[in-house]
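Peer 1: Same order as they appear, the protein sequences are chains E, U and A. Under our numbering, think of the first position of the first sequence as 1, with each following residue one higher. Under our numbering, think of the first position of the second sequence as 323, with each following residue one higher. Under our numbering, think of the first position of the third sequence as 619, with each following residue one higher.
Fair warning: there could be bad hints in the mix.
As the list claims (entries may be wrong) - Mimicking BS3-like on lysine-lysine, the simulated pairs with C-alpha atoms at most 27 Å apart in a straight line are:
id, chain 1, residue 1, chain 2, residue 2
1, A, K703, U, K345
2, E, K175, E, K126
3, A, K749, E, K151
4, E, K34, E, K245
5, A, K622, A, K743
6, E, K34, E, K12
7, A, K848, A, K689
8, A, K949, A, K622
9, E, K175, E, K12
10, A, K743, E, K12
11, A, K742, U, K345
12, E, K147, A, K949
13, E, K245, E, K200
14, A, K949, E, K146
15, A, K949, A, K626
16, A, K678, A, K703
17, E, K175, E, K122
18, E, K175, E, K245
19, A, K703, U, K338
20, E, K151, A, K703
21, E, K200, E, K122
22, E, K12, A, K848
23, E, K146, E, K122
24, U, K345, A, K678
25, A, K743, E, K126
Said to hold, decoys possible - If you want the ones that stay clear, here's a sample from chain A, every Cβ over 12 Å from chain E, calculated:
id, residue
26, K703
27, L796
28, I868
29, L871
30, L875
31, N947
It should be emphasised that the hints constitute simulated quantities derived from the structure, not laboratory data. Virtual Cβ for every residue (Gly too), placed ideally from N, Cα, C.
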Amino acid sequence: MSEPLLCIRDLKVSFRLARGILNAVGGVSLDIEKGQILGLVGESGGGKSMVGLSVLRLVPEGGEIVSGRIVFEGTNLLEISEDEMRSIRGSDISMILQDPLSSLNPAFRIGSQIVDVLRLHKGYEKKEAELIAIELLHNMGIPDPKKSLQKFPHQLSGGMRQRVVIAIAFSCNPKLIIADEPTTALDVTIQAQILRLLNKLSDEYRTSVLFITHDLGIVANLCDRVAVIYAGEIVETAPTRELFKNPMHPYTKALFRSIPRHDRRQEQFYSIEGMMGTPIDWPDRCKFYPRCSEKIGACGHTDFVEVRACAPGHHVRCLKYE
Amino acid sequence: MIEVYREERERFQKVKRFLSNGKVLFGGVVLLLLIFTAITAPYIAPHDPNEQDITATKTPPFWMEGGDTNHVLGTDSLGRDVFSRILYGSRVAMFVAVVGTFFAGLIGVILALLAGYYRGAVDNIISRFVDIWISFPPILLSIVLMAVLGTGLTNVALAIILVDWTRFCRVIRGEVFNIRERDFILAAKAEALGNFRIIVKEVFPNIIPLLLVLVTLEMGIAIIVEAILSFVGLSVEASIPAWGQMIALGRLYIHQAWWIMVFPMMCIIMSVLGLNLLGDGLREVLDPRLKVMGMK
Amino acid sequence: MSLKYITKRLLYMATTLLGVSIITFVILRVIPGNPIVMMLPPQATQQDILELKAQYGLDKPIPVQYVIWLKSVARGDFGVSIHMKQDVMELVMERLPATLELVSGATAIALILGIFIGTLSVMKKGTYVDKLGSLVAVLGLSIPDFLWGLLFILFLGVFWQVLPVSGRIASTYTIETLTGFFLVDSLIKLDFRGFSSALLHMILPAFSLALPLTAIVIRVIKSSLLEVVKEDYILLARVKGLSERVVVFIHALRNALIPTTTIVGVQFGFLMGGTVLVEIIYSWPGLGKLAVTAIITRDLPLIQGVVLVLAFIFVMVNLVVDLLYTFMNPKIRYG
């Protein structure tokens, strides 16, 4: 068993606000193997984006990675210098953001936005980099790549723009890509195209992907393994098929129940009662407790719920399985 | 009972917020000082500001060699006490600032309310008028107006009013546009309240914060305009001490008696600085948008 | 940039200028203090006054005077200065380059200083650089240009005599005027001593005008940069591994410059009409000084000429600024 490519242990991220300290991420641990696609599933505000940003040490202002380890290819990213981190960003680890319109700089042409990464990390000359960029765009399925280099972001459609963003992400052959809800802002038909593209590229380039989403449906087709995050904590991790066959954590089960079914009519749409709230509301004990429909007696009293394995490769954070 | 208590607490907290802002505090103190000096000048000034003393011309401030504690900040070329003249000068500054700003604001706000609320033809006419008026270089306009009206304190205020009303108009009009689109206006309209009532009761109260900020800025501008007019000799009558005039006259003796010019300069700078900071601070306190650190 | 838009703008400009000229005309005719009386010796008789009045066409009703003036302006004839006995346009054109050069210099200084300080302030938020930037901004806004001028003269011209405080160039030099811009003309002729003299003379007045404008630039740059920096594409730039300097100075600034140039452009227009005091203080032979002299001597044709030219420049600058905005914003340019 080789070392996982990325190994996050006990990551804690806090925000210092006027009203107090908010723990956005309260001890997340996960592993990504080489060439693996790991899905990180959870609802908005649950901390999943923060995990992604932490790997690149780009936590937004006011936030701070308080403790934990993020080990990438044997090196703890939280201990290296900013300069060293910068050389990793864009070349070894890259990121795809959610909204393609705002991810690209509206004042610069697409070509220059791809070329600059190539020149920064690989040292190409401008002409060389442009040729590579054309090749990349072609690989992404963008028609007339040479002309597209000269275009501005607002001149392209949403799907095309996202392809450009993906092109930028893959341009330096990264080992890991963090995809933060890359299809959420796109039409459903385009979504499928982009997902297929991502799948193909990750195979081709042998890139691992941390795929962050709130949509379990996407996860089914794309990811090898899934981690479910709730209120800043991982509550369940399992290989995809296993998770779908055998969800353990009440939250995961509730998530599955709330997916509208396409195959038969529903009397009611299921939604999980209550709200996740913001970090300021999160107690130290089980955070899903207020909304859980499967509570047992100990749930209200135990201060810290540990993660346990309940099947090979399948871990849960729930008192029911202790 | 609880409602009353809650209101009191809210009001108290609002006041606390105002006072806890350093800029508001500083600017507020400056403004109060100005008003105080303006009112009490005749009582606290050690000398008559126009009293000339040919035996004691161009005496330096008391801490310099040749200085005299009788004339704390020295005397000018005609032997007049600089300190007293400065105190009296605050009266001109305050008169010009208060009167000029008030009426400029009155005209500007009324026109802005009309233009912003009714829009259409009314707005077109008013805006066009403002555009044309603004294309006239403001300093030259004020100088021309003074040439037309003749020197004198009230004329200075009048010139300021005629030049600066456009700034009020433009800014407030923009704000009225914003407010007009807001829900509670639509609701009031839906209730078919008369337009006039809507303007007075719903729109106007919402422009007050911006108006306050503008007023403080304008007061500073008015003081500066008076100084500018003094420089070209078109300000108040020679018998009235004004800071701008003191600077203009003092400039001639910059080599031998720099204090004649410097002290009124400092007064203007402090006053405008204080007023600007007050405006800045008010803007900070009154801006309802809270700054929250981004949480994804 | 459709033709329709441009023609609409030009029409708009024309009506604005018309409005300005009418206002000027009317105000000046209401003026007490007769220019004619000022020109004649005290022994002049009523007859003399009437004759001279007629000669200058001041005896006709105002609307008629206006139409006559308008017709000659259409021909390019702005009349003759009553006081200086020179063609008005000639006088204006003589002085215009001096003011233009000064204002251009001031704007350049304000842009460079302001962008630099503003950007550094944002990059090092909270540190002493930021505080210093805020201080400069507040002082710049609170101290008007002529007071800066007096302060500079006091400290750099009187107490420590470091820089010249009067005129455009040392009286020992003459510069052959080709463009009227001393800096340009002296360079063309490779007259380096003349160039340095002109430059030195320009420093204090330009800085006096520049500092209040710098404060404005700092404010605008800070606020627009702070907005821009929150955008996703800045995050992506960092994700790419670009250095903070590149992220801010190239990616962020490029977008923040768009509103900045608009505001600075408008301020340039205002500044052209606002050099009066600085010119007086530094004895700078520009339009401002000319205008004041004209007003004091009630020189009607000259006042009209100067005001109209300044209004024209103001309106033109606004047009250029709008065009510049569409040019700089790729969304509009390549819509």
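Peer 1: For each hint, tell me whether it holds in the structure or not.
Peer 2: Now the hints, each set against the structure:
1. K703/A <-> K345/U: violated (54 Å)
2. K175/E <-> K126/E: Roughly 24 Å separates the two Cα atoms, so the pair holds.
3. K749/A <-> K151/E: It is violated: about 41 Å lies between the C-alpha atoms, which goes past 27 Å.
4. K34/E <-> K245/E: holds (25 Å)
5. K622/A <-> K743/A: violated (46 Å)
6. K34/E <-> K12/E: holds (24 Å)
7. K848/A <-> K689/A: Answer violated: K848/A to K689/A is near 56 Å, above 27 Å.
8. K949/A <-> K622/A: holds (20 Å)
9. K175/E <-> K12/E: With Cα atoms ~24 Å apart, K175/E and K12/E stay inside 27 Å; holds.
10. K743/A <-> K12/E: holds (25 Å)
11. K742/A <-> K345/U: Answer holds: K742/A to K345/U is near 22 Å, not above 27 Å.
12. K147/E <-> K949/A: Holds: K147/E and K949/A sit about 18 Å apart, inside 27 Å.
13. K245/E <-> K200/E: holds (26 Å)
14. K949/A <-> K146/E: holds (21 Å)
15. K949/A <-> K626/A: holds (22 Å)
16. K678/A <-> K703/A: holds (22 Å)
17. K175/E <-> K122/E: Given pair K175/E, K122/E holds - Cα atoms ~15 Å apart, limit 27 Å.
18. K175/E <-> K245/E: violated (30 Å)
19. K703/A <-> K338/U: The hint is violated at about 65 Å.
20. K151/E <-> K703/A: Roughly 60 Å between the alpha carbons, so the hint for K151/E and K703/A is violated.
21. K200/E <-> K122/E: At roughly 24 Å apart (the allowed maximum being 27 Å), K122/E and K200/E satisfy the hint.
22. K12/E <-> K848/A: holds (23 Å)
23. K146/E <-> K122/E: Holds, at about 21 Å.
24. K345/U <-> K678/A: Violated, because 57 Å separates the two Cα atoms, which is more than 27 Å.
25. K743/A <-> K126/E: Given that 27 Å is the threshold and the Cα spacing comes to 34 Å, the pair is violated.
26. K703: Correct as stated: the minimum Cβ-Cβ distance to chain E is 55 Å, above 12 Å.
27. L796: holds (38 Å)
28. I868: violated (9 Å)
29. L871: violated (10 Å)
30. L875: violated (9 Å)
31. N947: violated (8 Å)
The structure does not agree with the numbered hints 1, 3, 5, 7, 18, 19, 20, 24, 25, 28, 29, 30, 31 stated previously, though it agrees with the rest.
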